[in-house]
Amino acid sequence: MTDDRMKNGILPVQQIRDEITAGHIISSMPVTEAQLQPASMDLRLGTRGWRVRSSFLPGHGTSVAQKLDKFAMHQIDLTDGAVLERGCVYIVELQESLSLPDTLAAMANPKSSTGRLDVFTRLITDGAAEFEAVAYGYEGSLYAEISPRTFSVLVRAGSCLSQLRLRRGPASMSDAAMEALHQDVGLIRGGDAPDFRDGVALSVNLTPPPDSNIIGWRARKHAGLIDIDAPKSCEVDAYWERLTRADLVAGGLVLNPDEFYILASREFVTVPRDHAAEMRAYDTRVGEFRAHYAGFFDPGFGMPEMGAGSTRA
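In numbering that gives the first Met the number 0, the protein residues as written are 0 to 312.
Please note that a few of the clues may not be correct.
[What the hints assert, rightly or not] Calculated cross-link-like contacts (lysine to aspartate or glutamate; reagent style EDC-like; alpha-carbon spacing at most 20 angstroms):
# : residue 1 : residue 2
1 : 66        : 79
2 : 6         : 297
3 : 6         : 18
4 : 69        : 125
5 : 66        : 17
6 : 6         : 17
7 : 66        : 129
Honestly, the hints are just simulated from the structure, not real lab data. Source: prediction; values computed, not measured.
Could you put together the complete structure from these sequences and hints?
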(Lines of atoms letter the chains of each structure in order from A and count residues from 1; the text may use other names and numbers.)
(Lines give C-alpha, C1' and ligand atoms only; values in the text may rest on other atoms or scores of the structure.)
Protein backbone atom coordinates (compact mmCIF):
# COMPACT_ATOMS: atom_id res chain seq x y z
CA MET A 1 0.00 0.00 0.00
CA THR A 2 1.40 3.39 -0.95
CA ASP A 3 1.75 6.33 1.41
CA ASP A 4 -1.15 8.07 -0.35
CA ARG A 5 -3.46 5.15 0.39
CA MET A 6 -2.46 5.22 4.06
CA LYS A 7 -3.66 8.80 4.58
CA ASN A 8 -6.81 9.52 6.54
CA GLY A 9 -9.82 11.01 4.80
CA ILE A 10 -12.54 10.34 2.23
CA LEU A 11 -11.64 7.75 -0.41
CA PRO A 12 -11.55 9.08 -4.00
CA VAL A 13 -13.13 7.18 -6.86
CA GLN A 14 -9.96 5.31 -7.85
CA GLN A 15 -9.75 3.82 -4.35
CA ILE A 16 -13.47 3.04 -4.36
CA ARG A 17 -12.80 0.95 -7.47
CA ASP A 18 -10.01 -0.82 -5.56
CA GLU A 19 -12.41 -1.62 -2.70
CA ILE A 20 -14.89 -3.11 -5.18
CA THR A 21 -12.14 -5.26 -6.71
CA ALA A 22 -11.02 -6.34 -3.22
CA GLY A 23 -14.54 -7.53 -2.38
CA HIS A 24 -15.14 -4.92 0.31
CA ILE A 25 -18.09 -3.52 -1.67
CA ILE A 26 -20.35 -6.33 -2.87
CA SER A 27 -23.34 -6.15 -5.19
CA SER A 28 -25.97 -8.57 -6.43
CA MET A 29 -25.55 -6.89 -9.85
CA PRO A 30 -22.24 -5.60 -11.28
CA VAL A 31 -21.42 -2.05 -10.21
CA THR A 32 -21.63 0.32 -13.18
CA GLU A 33 -19.44 3.31 -14.01
CA ALA A 34 -22.53 5.51 -13.79
CA GLN A 35 -22.69 4.76 -10.06
CA LEU A 36 -19.18 6.07 -9.39
CA GLN A 37 -18.76 9.73 -8.48
CA PRO A 38 -15.48 11.60 -7.69
CA ALA A 39 -15.61 10.63 -3.99
CA SER A 40 -18.73 8.48 -3.57
CA MET A 41 -20.81 5.78 -5.20
CA ASP A 42 -24.55 5.62 -5.82
CA LEU A 43 -26.48 2.87 -4.05
CA ARG A 44 -29.22 1.00 -5.94
CA LEU A 45 -32.54 -0.23 -4.63
CA GLY A 46 -33.01 -3.98 -4.65
CA THR A 47 -36.17 -5.93 -5.41
CA ARG A 48 -37.53 -6.25 -1.85
CA GLY A 49 -39.18 -3.48 0.12
CA TRP A 50 -41.51 -3.19 3.10
CA ARG A 51 -43.98 -0.60 4.23
CA VAL A 52 -43.41 -0.08 7.94
CA ARG A 53 -45.41 1.49 10.75
CA SER A 54 -42.65 3.90 11.68
CA SER A 55 -38.99 4.69 11.32
CA PHE A 56 -36.63 2.58 13.44
CA LEU A 57 -33.01 1.82 14.24
CA PRO A 58 -32.07 -1.81 14.96
CA GLY A 59 -29.68 -1.08 17.83
CA HIS A 60 -26.68 -3.11 18.90
CA GLY A 61 -27.01 -6.85 18.33
CA THR A 62 -30.23 -6.62 16.31
CA SER A 63 -30.57 -6.96 12.54
CA VAL A 64 -32.85 -4.95 10.28
CA ALA A 65 -34.61 -8.21 9.35
CA GLN A 66 -35.45 -8.83 13.01
CA LYS A 67 -36.95 -5.35 13.32
CA LEU A 68 -38.94 -5.84 10.12
CA ASP A 69 -40.62 -8.87 11.68
CA LYS A 70 -42.18 -6.46 14.18
CA PHE A 71 -42.59 -3.24 12.17
CA ALA A 72 -43.42 -4.37 8.61
CA MET A 73 -47.02 -3.96 7.45
CA HIS A 74 -46.58 -5.65 4.07
CA GLN A 75 -43.84 -6.51 1.56
CA ILE A 76 -43.39 -4.77 -1.81
CA ASP A 77 -41.83 -6.15 -5.00
CA LEU A 78 -39.82 -3.47 -6.82
CA THR A 79 -38.86 -5.64 -9.81
CA ASP A 80 -41.27 -3.95 -12.21
CA GLY A 81 -41.66 -0.73 -10.24
CA ALA A 82 -43.63 0.32 -7.18
CA VAL A 83 -45.27 3.53 -6.01
CA LEU A 84 -44.08 4.90 -2.68
CA GLU A 85 -46.85 7.07 -1.30
CA ARG A 86 -46.19 10.44 0.32
CA GLY A 87 -46.52 10.36 4.09
CA CYS A 88 -45.61 6.66 4.34
CA VAL A 89 -42.37 5.03 5.51
CA TYR A 90 -40.66 2.21 3.60
CA ILE A 91 -37.57 0.06 4.05
CA VAL A 92 -35.87 -1.24 0.90
CA GLU A 93 -32.95 -3.66 0.81
CA LEU A 94 -30.15 -2.33 -1.41
CA GLN A 95 -28.30 -4.24 -4.12
CA GLU A 96 -24.98 -3.31 -2.51
CA SER A 97 -23.63 -4.77 0.71
CA LEU A 98 -20.34 -4.29 2.54
CA SER A 99 -17.49 -6.35 3.95
CA LEU A 100 -15.26 -3.56 5.20
CA PRO A 101 -11.82 -3.98 6.75
CA ASP A 102 -11.34 -2.59 10.25
CA THR A 103 -9.65 0.49 8.77
CA LEU A 104 -12.70 1.64 6.79
CA ALA A 105 -16.03 3.17 7.78
CA ALA A 106 -18.68 4.80 5.60
CA MET A 107 -21.36 7.46 5.58
CA ALA A 108 -24.35 8.05 3.33
CA ASN A 109 -26.48 10.95 2.12
CA PRO A 110 -29.39 11.29 -0.30
CA LYS A 111 -28.49 12.16 -3.88
CA SER A 112 -29.21 15.76 -4.82
CA SER A 113 -31.95 14.63 -7.21
CA THR A 114 -33.62 12.79 -4.30
CA GLY A 115 -33.39 15.80 -2.01
CA ARG A 116 -34.91 18.14 -4.58
CA LEU A 117 -38.04 15.95 -4.60
CA ASP A 118 -38.38 16.03 -0.79
CA VAL A 119 -37.88 12.27 -0.56
CA PHE A 120 -36.49 11.67 2.92
CA THR A 121 -33.97 8.83 2.55
CA ARG A 122 -31.58 7.41 5.16
CA LEU A 123 -29.21 4.45 5.21
CA ILE A 124 -29.63 1.74 7.87
CA THR A 125 -27.32 -1.15 8.73
CA ASP A 126 -27.66 -4.17 10.99
CA GLY A 127 -26.92 -3.20 14.59
CA ALA A 128 -27.03 0.51 13.77
CA ALA A 129 -27.48 3.06 16.54
CA GLU A 130 -27.58 5.99 14.09
CA PHE A 131 -28.73 6.65 10.55
CA GLU A 132 -26.42 7.25 7.58
CA ALA A 133 -23.36 5.82 9.36
CA VAL A 134 -21.56 2.52 8.71
CA ALA A 135 -19.21 1.33 11.44
CA TYR A 136 -15.56 0.42 10.89
CA GLY A 137 -15.28 -3.17 9.70
CA TYR A 138 -19.02 -3.53 9.04
CA GLU A 139 -20.03 -6.70 7.24
CA GLY A 140 -23.61 -7.10 6.11
CA SER A 141 -26.54 -5.80 4.13
CA LEU A 142 -27.52 -2.18 3.54
CA TYR A 143 -31.06 -0.82 3.66
CA ALA A 144 -32.67 2.49 2.74
CA GLU A 145 -35.42 4.06 4.79
CA ILE A 146 -37.54 6.05 2.31
CA SER A 147 -40.30 8.47 3.23
CA PRO A 148 -41.66 10.72 0.45
CA ARG A 149 -42.80 13.95 2.13
CA THR A 150 -44.37 15.96 -0.71
CA PHE A 151 -44.66 13.86 -3.88
CA SER A 152 -45.50 10.19 -4.32
CA VAL A 153 -42.73 8.59 -6.36
CA LEU A 154 -42.36 5.61 -8.69
CA VAL A 155 -39.19 3.60 -8.03
CA ARG A 156 -37.88 0.26 -9.20
CA ALA A 157 -34.98 -2.14 -8.60
CA GLY A 158 -31.88 -0.24 -9.69
CA SER A 159 -33.16 3.23 -8.79
CA CYS A 160 -30.47 5.29 -7.02
CA LEU A 161 -31.64 7.46 -4.12
CA SER A 162 -28.56 7.51 -1.88
CA GLN A 163 -24.80 7.73 -2.21
CA LEU A 164 -22.05 6.24 -0.05
CA ARG A 165 -18.69 7.66 0.98
CA LEU A 166 -15.90 5.52 2.41
CA ARG A 167 -13.70 6.99 5.12
CA ARG A 168 -10.34 5.99 6.51
CA GLY A 169 -9.68 7.55 9.92
CA PRO A 170 -10.65 11.14 10.80
CA ALA A 171 -11.82 13.17 7.82
CA SER A 172 -12.80 16.51 9.36
CA MET A 173 -10.70 19.67 9.45
CA SER A 174 -10.11 22.08 12.30
CA ASP A 175 -11.48 25.60 11.98
CA ALA A 176 -7.93 26.93 11.66
CA ALA A 177 -7.10 24.49 8.85
CA MET A 178 -10.33 25.35 7.04
CA GLU A 179 -9.66 29.07 7.32
CA ALA A 180 -6.16 28.54 5.94
CA LEU A 181 -7.62 26.55 3.03
CA HIS A 182 -10.09 29.36 2.41
CA GLN A 183 -7.26 31.88 2.23
CA ASP A 184 -5.57 29.63 -0.33
CA VAL A 185 -8.47 28.71 -2.64
CA GLY A 186 -11.50 30.77 -1.55
CA LEU A 187 -14.00 28.21 -0.25
CA ILE A 188 -16.90 30.67 -0.37
CA ARG A 189 -17.43 34.09 -1.87
CA GLY A 190 -20.31 36.45 -2.48
CA GLY A 191 -21.70 36.70 1.04
CA ASP A 192 -20.58 38.25 4.30
CA ALA A 193 -17.11 37.63 5.72
CA PRO A 194 -16.95 33.88 6.46
CA ASP A 195 -17.24 32.75 10.07
CA PHE A 196 -15.26 29.55 10.65
CA ARG A 197 -16.80 27.88 13.68
CA ASP A 198 -17.18 24.10 13.35
CA GLY A 199 -17.42 24.65 9.60
CA VAL A 200 -18.51 27.73 7.69
CA ALA A 201 -22.03 29.12 7.44
CA LEU A 202 -23.97 29.58 4.21
CA SER A 203 -26.88 32.02 3.92
CA VAL A 204 -29.96 32.10 1.68
CA ASN A 205 -30.06 34.22 -1.46
CA LEU A 206 -33.29 36.23 -1.78
CA THR A 207 -32.11 38.48 -4.60
CA PRO A 208 -33.29 37.34 -8.04
CA PRO A 209 -30.85 37.32 -10.97
CA PRO A 210 -31.01 40.25 -13.41
CA ASP A 211 -32.89 38.23 -16.05
CA SER A 212 -35.53 36.78 -13.71
CA ASN A 213 -37.80 37.68 -10.80
CA ILE A 214 -37.60 34.19 -9.25
CA ILE A 215 -35.96 33.80 -5.83
CA GLY A 216 -36.94 30.17 -5.20
CA TRP A 217 -39.56 27.44 -5.45
CA ARG A 218 -42.25 26.00 -3.18
CA ALA A 219 -43.57 22.49 -3.80
CA ARG A 220 -47.25 22.03 -4.58
CA LYS A 221 -48.93 19.81 -2.00
CA HIS A 222 -51.25 17.80 -4.27
CA ALA A 223 -49.24 17.16 -7.42
CA GLY A 224 -49.04 14.01 -9.50
CA LEU A 225 -46.77 10.98 -9.37
CA ILE A 226 -43.07 11.42 -10.18
CA ASP A 227 -40.97 8.69 -11.82
CA ILE A 228 -37.65 8.88 -9.98
CA ASP A 229 -35.81 7.52 -13.04
CA ALA A 230 -37.30 9.95 -15.56
CA PRO A 231 -35.64 13.33 -14.95
CA LYS A 232 -37.05 16.38 -16.76
CA SER A 233 -40.23 14.44 -17.57
CA CYS A 234 -42.62 16.65 -15.58
CA GLU A 235 -43.94 20.16 -16.19
CA VAL A 236 -42.31 22.43 -13.60
CA ASP A 237 -45.44 24.48 -12.89
CA ALA A 238 -47.48 21.35 -12.17
CA TYR A 239 -45.25 20.56 -9.19
CA TRP A 240 -43.74 23.87 -8.09
CA GLU A 241 -44.87 27.40 -7.29
CA ARG A 242 -42.51 30.20 -8.24
CA LEU A 243 -41.40 32.49 -5.41
CA THR A 244 -40.68 36.09 -6.37
CA ARG A 245 -39.92 39.41 -4.70
CA ALA A 246 -43.66 39.77 -4.08
CA ASP A 247 -43.45 36.87 -1.59
CA LEU A 248 -40.95 38.66 0.63
CA VAL A 249 -42.10 40.11 3.95
CA ALA A 250 -39.93 42.87 5.41
CA GLY A 251 -37.07 41.71 3.22
CA GLY A 252 -37.34 38.07 4.32
CA LEU A 253 -39.22 34.93 3.30
CA VAL A 254 -41.68 33.30 5.70
CA LEU A 255 -41.32 29.50 5.59
CA ASN A 256 -44.64 27.81 6.27
CA PRO A 257 -44.52 24.69 8.48
CA ASP A 258 -44.60 21.35 6.64
CA GLU A 259 -43.94 22.95 3.25
CA PHE A 260 -40.92 22.25 1.08
CA TYR A 261 -38.79 24.98 -0.47
CA ILE A 262 -35.80 25.08 -2.79
CA LEU A 263 -33.60 28.13 -2.30
CA ALA A 264 -30.05 28.86 -3.43
CA SER A 265 -27.22 29.99 -1.20
CA ARG A 266 -26.04 33.59 -1.38
CA GLU A 267 -22.48 32.33 -1.42
CA PHE A 268 -20.66 30.65 -4.30
CA VAL A 269 -18.94 27.48 -3.06
CA THR A 270 -15.60 26.03 -4.14
CA VAL A 271 -14.23 22.65 -3.05
CA PRO A 272 -10.61 21.91 -4.04
CA ARG A 273 -9.94 18.75 -6.04
CA ASP A 274 -8.12 17.11 -3.11
CA HIS A 275 -10.96 17.77 -0.65
CA ALA A 276 -14.63 16.84 -0.26
CA ALA A 277 -17.29 18.61 1.79
CA GLU A 278 -20.58 17.91 3.50
CA MET A 279 -23.39 20.17 4.69
CA ARG A 280 -24.87 19.70 8.14
CA ALA A 281 -28.56 18.76 7.93
CA TYR A 282 -29.55 20.32 11.26
CA ASP A 283 -28.06 23.25 13.15
CA THR A 284 -30.14 24.51 16.06
CA ARG A 285 -28.18 27.76 15.97
CA VAL A 286 -30.14 28.78 12.87
CA GLY A 287 -33.45 26.96 13.35
CA GLU A 288 -35.29 23.83 14.43
CA PHE A 289 -35.69 22.43 10.93
CA ARG A 290 -33.85 20.31 8.39
CA ALA A 291 -31.93 22.74 6.21
CA HIS A 292 -31.18 20.32 3.38
CA TYR A 293 -31.24 16.66 2.33
CA ALA A 294 -28.31 16.13 -0.03
CA GLY A 295 -25.16 17.32 1.68
CA PHE A 296 -22.21 15.87 -0.27
CA PHE A 297 -20.00 18.23 -2.28
CA ASP A 298 -17.69 16.43 -4.69
CA PRO A 299 -14.00 17.29 -5.09
CA GLY A 300 -13.70 20.13 -7.59
CA PHE A 301 -17.21 21.50 -6.93
CA GLY A 302 -17.37 25.10 -8.13
CA MET A 303 -13.84 25.17 -9.57
CA PRO A 304 -13.63 27.28 -12.76
CA GLU A 305 -10.85 25.12 -14.24
CA MET A 306 -13.24 22.14 -14.05
CA GLY A 307 -16.01 24.05 -15.81
CA ALA A 308 -17.99 24.66 -12.63
CA GLY A 309 -17.24 28.24 -11.68
CA SER A 310 -19.69 30.45 -9.73
CA THR A 311 -21.73 27.56 -8.32
CA ARG A 312 -24.17 28.08 -5.45
CA ALA A 313 -25.25 25.43 -2.97
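Tested hints:
1. 66 - 79: Violated, at about 26 angstroms.
2. 6 - 297: It holds: about 18 angstroms lies between the C-alpha atoms, which stays within 20 angstroms.
3. 6 - 18: At roughly 15 angstroms apart (the allowed maximum being 20 angstroms), residue 18 and residue 6 satisfy the hint.
4. 69 - 125: holds (15 angstroms)
5. 66 - 17: Not OK: residue 66 and residue 17 at ~33 angstroms, beyond 20 angstroms, violated.
6. 6 - 17: holds (15 angstroms)
7. 66 - 129: holds (15 angstroms)
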